[in-house]
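Residue numbers (my numbering), protein chains in the order written: chain A, 1 to 359; chain B, 1 to 273; chain C, 1 to 205; chain D, 1 to 207.
FYI, nobody ran anything at the bench for these hints, they're computed from the structure.
Among these hints, one or two may not hold up.
As the list claims (entries may be wrong) - Restraint-style ranges between C-beta atoms, simulated for each label pair:
no., chain 1, residue 1, chain 2, residue 2, range
1, A, G11, D, D161, 46 to 56 angstroms
2, A, I87, B, A162, 26 to 36 angstroms
3, A, P194, C, I9, 43 to 53 angstroms
4, C, I9, B, D179, 27 to 37 angstroms
5, B, V119, A, K54, 19 to 29 angstroms
6, B, A162, D, T135, 51 to 61 angstroms
To be verified - Chain D residues, not near chain C, derived (Cβ > 12 angstroms throughout):
no., residue
7, R3
8, G27
9, D60
10, Q63
11, R65
12, I155
13, W156
14, R192
15, V193
Heads up, the beta-carbon is just placed ideally off N, CA and C, and yes, glycines get one too.
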Amino acid sequence: MSLILFLVIAGIEAEAYDTPNDDGSSITTTWTTDTKFESFEILRSENPEEGFEKIYEVNKKTSRYIDSQVQGGVQYYYKIKGQSADIELLSEAVGPVKAMAQIFNTGRSNIAICIFILFFAIIYYITRARRGEKLFIRKIPGISAIEEAIGRATEMGKPVLYVPGIMDIDEPETIASMSILGRIAEKTAEYGTPLYVPTSKAMVMSMAQQVVKESAIKVGRPDWFNADNIRYLTDDQFGYVSAVDGIMVREKPATNFYLGKFYAESLILAETGFSTGAIQIAGTALPDQLPFFVAACDYTLLGEELYAASAYLSQEPTQLGSLKGQDFGKLIFVIVVVIGVLTRLLGTEFFYNLFNTMP
Amino acid sequence: MNILDRLVKFDRRILFVFVALAVIIPLLIPIGLPVDITRPVKHVYDRVESLPEGSIVVVSVDYDPGSEAELYPATEAFLEHCFRKNLRVYMMGLWPAGPKLGNMALEQIAPKYNKEYGVDYINIGYRPGGPVMLVSLGRNVADLVRTDYAGTPIDSLPLGRAVKSARDMDLVMTLSAGDPGVLHWIIYFSARYGTPIATATTAIMAPQQYPYLSSRQLIGLLGGLKGAAEYETLVERKARAVAGMDSQSIVHLLLVAFIILGNMVLLYQRRKK
Amino acid sequence: MSVNVGVWIASLLTLAIYSFLYKDNPFYKIAENIFVGVSAGYWAVILWFDFTWPNLFEPLIRQGNFIYLIPIIVGLMMFAPLIHKISWLIRIPLTFTMGVAMSLVILQRIQGEIFPQLQATFLPLSGVSPAQLISNLLIIVGVITTLIYFYFSKAHKGILGVGAKLGIWFMMIAFGASFGYTVMARISLLIGRVYFLLHNWLGLI
Amino acid sequence: MKRTLPIVIVFACGFFMIIAFFIPLRGFQDVSQTLQNWYIGVIAFFVFIGIFNLVKVNVDKIQRRLRDWQYNVILLIFLAIMMIAGFVGRPGGGVFLYLFENFHIPLGATMFSLLAFFVASAAFRAFRARTPEATLLLIAAVLVMIGRVPIGYYIWHGFPDLVEWIMTVPNTAAKRGILFGADLGLISMALRVLLGIERSYMGGGKE
Numbered sequence: 001m002s003l004i005l006f007l008v009i010a011g012i013e014a015e016a017y018d019t020p021n022d023d024g025s026s027i028t029t030t031w032t033t034d035t036k037f038e039s040f041e042i043l044r045s046e047n048p049e050e051g052f053e054k055i056y057e058v059n060k061k062t063s064r065y066i067d068s069q070v071q072g073g074v075q076y077y078y079k080i081k082g083q084s085a086d087i088e089l090l091s092e093a094v095g096p097v098k099a100m101a102q103i104f105n106t107g108r109s110n111i112a113i114c115i116f117i118l119f120f121a122i123i124y125y126i127t128r129a130r131r132g133e134k135l136f137i138r139k140i141p142g143i144s145a146i147e148e149a150i151g152r153a154t155e156m157g158k159p160v161l162y163v164p165g166i167m168d169i170d171e172p173e174t175i176a177s178m179s180i181l182g183r184i185a186e187k188t189a190e191y192g193t194p195l196y197v198p199t200s201k202a203m204v205m206s207m208a209q210q211v212v213k214e215s216a217i218k219v220g221r222p223d224w225f226n227a228d229n230i231r232y233l234t235d236d237q238f239g240y241v242s243a244v245d246g247i248m249v250r251e252k253p254a255t256n257f258y259l260g261k262f263y264a265e266s267l268i269l270a271e272t273g274f275s276t277g278a279i280q281i282a283g284t285a286l287p288d289q290l291p292f293f294v295a296a297c298d299y300t301l302l303g304e305e306l307y308a309a310s311a312y313l314s315q316e317p318t319q320l321g322s323l324k325g326q327d328f329g330k331l332i333f334v335i336v337v338v339i340g341v342l343t344r345l346l347g348t349e350f351f352y353n354l355f356n357t358m359p
Numbered sequence: 001m002n003i004l005d006r007l008v009k010f011d012r013r014i015l016f017v018f019v020a021l022a023v024i025i026p027l028l029i030p031i032g033l034p035v036d037i038t039r040p041v042k043h044v045y046d047r048v049e050s051l052p053e054g055s056i057v058v059v060s061v062d063y064d065p066g067s068e069a070e071l072y073p074a075t076e077a078f079l080e081h082c083f084r085k086n087l088r089v090y091m092m093g094l095w096p097a098g099p100k101l102g103n104m105a106l107e108q109i110a111p112k113y114n115k116e117y118g119v120d121y122i123n124i125g126y127r128p129g130g131p132v133m134l135v136s137l138g139r140n141v142a143d144l145v146r147t148d149y150a151g152t153p154i155d156s157l158p159l160g161r162a163v164k165s166a167r168d169m170d171l172v173m174t175l176s177a178g179d180p181g182v183l184h185w186i187i188y189f190s191a192r193y194g195t196p197i198a199t200a201t202t203a204i205m206a207p208q209q210y211p212y213l214s215s216r217q218l219i220g221l222l223g224g225l226k227g228a229a230e231y232e233t234l235v236e237r238k239a240r241a242v243a244g245m246d247s248q249s250i251v252h253l254l255l256v257a258f259i260i261l262g263n264m265v266l267l268y269q270r271r272k273k
Numbered sequence: 001m002s003v004n005v006g007v008w009i010a011s012l013l014t015l016a017i018y019s020f021l022y023k024d025n026p027f028y029k030i031a032e033n034i035f036v037g038v039s040a041g042y043w044a045v046i047l048w049f050d051f052t053w054p055n056l057f058e059p060l061i062r063q064g065n066f067i068y069l070i071p072i073i074v075g076l077m078m079f080a081p082l083i084h085k086i087s088w089l090i091r092i093p094l095t096f097t098m099g100v101a102m103s104l105v106i107l108q109r110i111q112g113e114i115f116p117q118l119q120a121t122f123l124p125l126s127g128v129s130p131a132q133l134i135s136n137l138l139i140i141v142g143v144i145t146t147l148i149y150f151y152f153s154k155a156h157k158g159i160l161g162v163g164a165k166l167g168i169w170f171m172m173i174a175f176g177a178s179f180g181y182t183v184m185a186r187i188s189l190l191i192g193r194v195y196f197l198l199h200n201w202l203g204l205i
Numbered sequence: 001m002k003r004t005l006p007i008v009i010v011f012a013c014g015f016f017m018i019i020a021f022f023i024p025l026r027g028f029q030d031v032s033q034t035l036q037n038w039y040i041g042v043i044a045f046f047v048f049i050g051i052f053n054l055v056k057v058n059v060d061k062i063q064r065r066l067r068d069w070q071y072n073v074i075l076l077i078f079l080a081i082m083m084i085a086g087f088v089g090r091p092g093g094g095v096f097l098y099l100f101e102n103f104h105i106p107l108g109a110t111m112f113s114l115l116a117f118f119v120a121s122a123a124f125r126a127f128r129a130r131t132p133e134a135t136l137l138l139i140a141a142v143l144v145m146i147g148r149v150p151i152g153y154y155i156w157h158g159f160p161d162l163v164e165w166i167m168t169v170p171n172t173a174a175k176r177g178i179l180f181g182a183d184l185g186l187i188s189m190a191l192r193v194l195l196g197i198e199r200s201y202m203g204g205g206k207e
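Starting from the given sequences, assemble the full structure and let the hints guide the process.
Listed below in C-alpha cells is the structure:
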C-alpha cells in the first residue's frame, strides 16, 4: 500500500537562496510540487543532517517564504514539509545558504536610470534658460482669448474682474496666477479699464497690489492704479464666494477671469458670472474643478496650460527651463509607449519587463 | 416676454425647492429601484471572500464629517463583511476625524458578531505625516504605533503585537476622501511593499482611480454612495446607501432635464439672433 | 420626533447652514464659525493624544530617550518668528521636511506611478477579441494624444495639431465623467443630511 | 548661515534619501527611516502652529473691532471649549465625543451638501453646449449621471456597461495622460526644491 502511495505522490522541489537586494537580513525559500497539499511547513537547521525545526507554516496557495529571522554570516539548511489529511512529505534539505547584504539594489536600477534622465533634462534646460537663451514655447490659445476679452470690456465701458483663486501665495497656481495678472493689468491699464481683484488671503492682496501697480507704471499709467480695487474680502470659502457674487451682481463686469487654485466654489462663481452675461475665462491645475469651468466658461486653460501661460507671459528662466525639461519627459514617455506596444506586438516581453518595480 | 426667457430669469431659489423635493419625497415614499452591481465593486467583494479566516485587513478611515454621507455607509458595509468572514480588522486613519468615525461603525458592527477588542479588531487612531508616514509604517510599525486610540499600549493587545510591518497586512481598505488617501496608499505603500489595496472613495475621486484599476495597482473600487449601495446589496445589509438610491436617481433625472432645458434656451436664443 | 438634545442641536445647526441658500445671514455665519473652532480644537486634541504625546514626549520624559529631543526642538523652531532675532530658524523645519518629502515624491512618483502606468499602457494588440482590440487601441491613442496636447515646445500644426485635437476630445469625455460623478457626490451629501433630518430628528422614516 | 544652512539641509536630506533608496545596507535604511520618523514628529508642530495662528488672527480681528468681529469671538469660544473638553476630559471623554458627534459631524457634513443646490441651478442656467468640446463633455456627463444610478439600469440594462466602458477606456486614457504630465511637473518642482532653486516655500522670498 505504502509503495503505491509513494509512486503517486510527486516530491517537493525546494530551493533556498539569499534574498536579493536586501540588507542581509533574510533568506528566501521557494518550492514546487504537483501534489495537492493542505499546508506547508518550513523547517530550518544549521546542520544538513539533523536538527531541523519548524519555523513557519503557510497555506496551500503559498509557494514562497522569506525567512527574516536569520543571523548574518551563518549557514542555514532548509526543508519543506507538505501536509494534507492523510500524507506528509518532506523535501530534500537545501543549502547551505548565507544571508548577505547587497550594496546596490539592482531591482531598482530602472528607477535610477529614469531619475537620472529626468534630472538631467530639467537641469539642462534650466541652465540654458538662465544663460539667457531664448527657449521656444508655443503661444497658448488662451492668451489671445484673454486679450480679446479685455478689449470687449473696454468697448462696453465696463470693468474687468480677476479672481486669483482661494489659496495663499505659496501655492504654485497662485504664483502662476500672479504672472498672468501682471499681463492683464498692463492691458487694462493701457485701455483705462477698471480692474477688480478681490482676494481670499491677505498676502495675496498685497502681492496683487504690487503686481498691478508695477504693470500700471510699466505702461505709463500710474494714475490708473487704484489700490481700493484690489481688496481682501475674507478667508472663508463660501463667505468669499458670496462676496464675489455680490461684486458681479453690483458692478456687472463684462469680463471675469478665474485663474488660480479653486475648489468647490468654482461652480458658484462660474454660474453667477454666466447669469450676469460676462465673458468668462478660467484656468486651474486641479482636474476636479475643470469640468465645471469648461461647461460654464467661454475659455478654459486646462491644467498645465495655466503654468505654460504663466511661463510664456513672464519669460522667467526657471519656469521656462522647467517647462522645457518636462516637455522632454513627455516626449520620452510617448516614445516609450510606442516602443512598448510594438515590442509586445512582436511577441517579446523584454521591454515590458524593464518597467517592473516589484521583485 | 417669452416663456423660455422668463425661465432663465427667475430666481434660482425656486430651483432649490425642486431639488429639495426630489430628495425628500423618494426618501418618504421609496420606489425600491434595484441596485446593479459594477465590476470594480464586485472585485473588492470577491477579494474579501477569498481571504482565509484570521487574515489581517487594514481599514484606513481617511475621511472626515464632510464626506460622512458618502463613505460612512461603505465603512459599515465593509466591516460587516470582514467580521462575517472572521477577518481581523486593523483600523487607523490618515485624517484626524477618521478613526472616531470608524469607531462609531465598529461599535455598531463588532458586537453583532461577538468580536473582541484587541483580538479581532483594533483601532490605532489618527496617524499624522501622510505619505512619509506610510513609507515608514510599512517597514516598521513599532516605530510609529505605541498606543491605540484610547491610549492602551499597543504591546498589551494581541492584534497590536501581530502587525509588525507591511508583510503582516493581507489587504488594505482605504475609505478615502482626498489627500492624504488612496493615491498615497498606492504609490507610497503598495508600490514599496506590495500590499494589495482596495478603496472606497467619494464620487468626486472615483473617475481618477480608473488608471490604477487598469494597472491593477488597485484591486477594486467603491465609488461614492452608489458604490456603497452596491456593497450593501452584495453583503445583504441594505441600509442608508440603498435607501438613498431612489432619491439619487430622481435628482439625477431632474438635473439632466435641467441641462437639456437650459440648452434648449440656448438654441432658441441663437435662432432668435 | 427626537427627544435627544444632541440630535436637536445637530438638526438646528444643519438648518442654519442651509439658510445660506436663502442668502448669507448671521445664522449661517455663526454655524460656520462654530465649525472652524470645533474642528481646529478637535485636530489639536487628537493629534496630541494619538501621536505627539505617546510618540514624542512620553518616550522622552518617561524613558529618558533623548534622541526625541531632535524632532521636538526642530518642530519648536516653527515658533521662531515670534522672536524677531531668531525668526530665520523657521527655515530649518521647513527645509528639513521639504527635503524628506520631496525626495520621496521623486522616488514614489516614479516607482508607484510612472512605471506601473507606462507598463499598463503597453497593451496587447494581438491575441485579443476585436472589441478589446479597439478599446486597447483607444487607450494607447488617448494617452499619447493627451500628452501631445500638453506638449508646449512645438506649435500645434499638422500631425501634432490633429493629435492635440484628439487629445482634447479624450479629455472632454474624461471631464464629462468627472462632472457626472461630482454631481453625484454633491447630491449624496444632501441625501445624507436629509436622511438625518427625516430619520434621526423627525423620525419620519 | 541664515542663507546657506537651510539650503544645505534640504539638499543633504533630499539626496541622502534618494541614494538610500538604492542601497539596501542596514545603516542607510535605518538612517532614512529615522529621518522619516523625525519628519512626522516635526510635521505635528505645523498643526500646532496653524492653530496658534488661527487664534492670533482672530484675537487681532476682535481687538481691532474689524467687521463681523463678533463671529470671531464665537469661533474662539468653541475652540476653547473643544480643547478643554479634550485635554481635561480626554478624547475618549463624554463631553469631547458629544461635541464631536453633535457639532462637528453635522456642520462638516452639511457644508458641502449646499453644493447640491448650486449644481442644480448651474445645470439649468450655465452648463451650455457652446462649443463641440463642451457638447462632448455634457453628453458624457449626462450618460454617466443616468447610467451610474439605479434608474439608468431600469431604463436600459446596457447602461451600466456603457458607462463602465467610458470610465475604463476614454476616461482612463485621458486621466493617465494628465497624470503623466502632472507627475513630471511634480518631479521637476521637487528637484528645484532640493537644489535650492525654488525657495518660495521658505516664505515670500524675503531674506
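Kindly confirm whether 46 to 56 angstroms is satisfied by the beta carbon distance between A:G11 and D:D161. Roughly 48 angstroms apart at Cβ, these two residues keep to the hinted range, so it holds.
Hey, is D:R3 genuinely clear of chain C, shortest beta carbon separation above 12 angstroms? The claim breaks: D:R3 does not keep its Cβ more than 12 angstroms from every Cβ of chain C (closest is about 9 angstroms).
Please check whether the beta-carbon of D:I155 is more than 12 angstroms away from every beta-carbon in chain C. holds (15 angstroms)
B:V119 versus A:K54 beta-carbon gap, inside 19 to 29 angstroms or not: For B:V119 and A:K54 the Cβ distance comes to about 24 angstroms; the hint holds.
Beyond 12 angstroms from each Cβ of chain C, as asserted for D:R192: D:R192 not clear of chain C: closest Cβ-Cβ about 9 angstroms, inside 12 angstroms.
Looking at D:D60 again, its CB stays over 12 angstroms from all of chain C? At about 14 angstroms from chain C, D:D60 clears the 12 angstroms cut-off, so the statement holds.
Could one say that the CB atoms of A:I87 and B:A162 fall in the range 26 to 36 angstroms? The hint (26 to 36 angstroms, Cβ to Cβ) holds, given that A:I87 and B:A162 are roughly 31 angstroms apart.
Supplied distance hint 27 to 37 angstroms, evaluated on CB atoms of C:I9 and B:D179: Given range 27 to 37 angstroms: holds, Cβ gap about 31 angstroms.
Verify the CB-CB distance for B:A162 and D:T135 against the hinted window 51 to 61 angstroms. holds (56 angstroms)
Between A:P194 and C:I9, is the Cβ distance one that fits in 43 to 53 angstroms? Check passed, 46 angstroms falls within 43 to 53 angstroms.
Interface exclusion of D:V193 relative to chain C, criterion Cβ beyond 12 angstroms: violated (5 angstroms)
Checking a non-interface call: every C-beta of chain C should be farther than 12 angstroms from the C-beta of D:W156. Is that right? Holds: least Cβ distance 16 angstroms, greater than 12 angstroms.
Against the hints set out earlier in the document, violations occur for numbers 7, 14 and 15.
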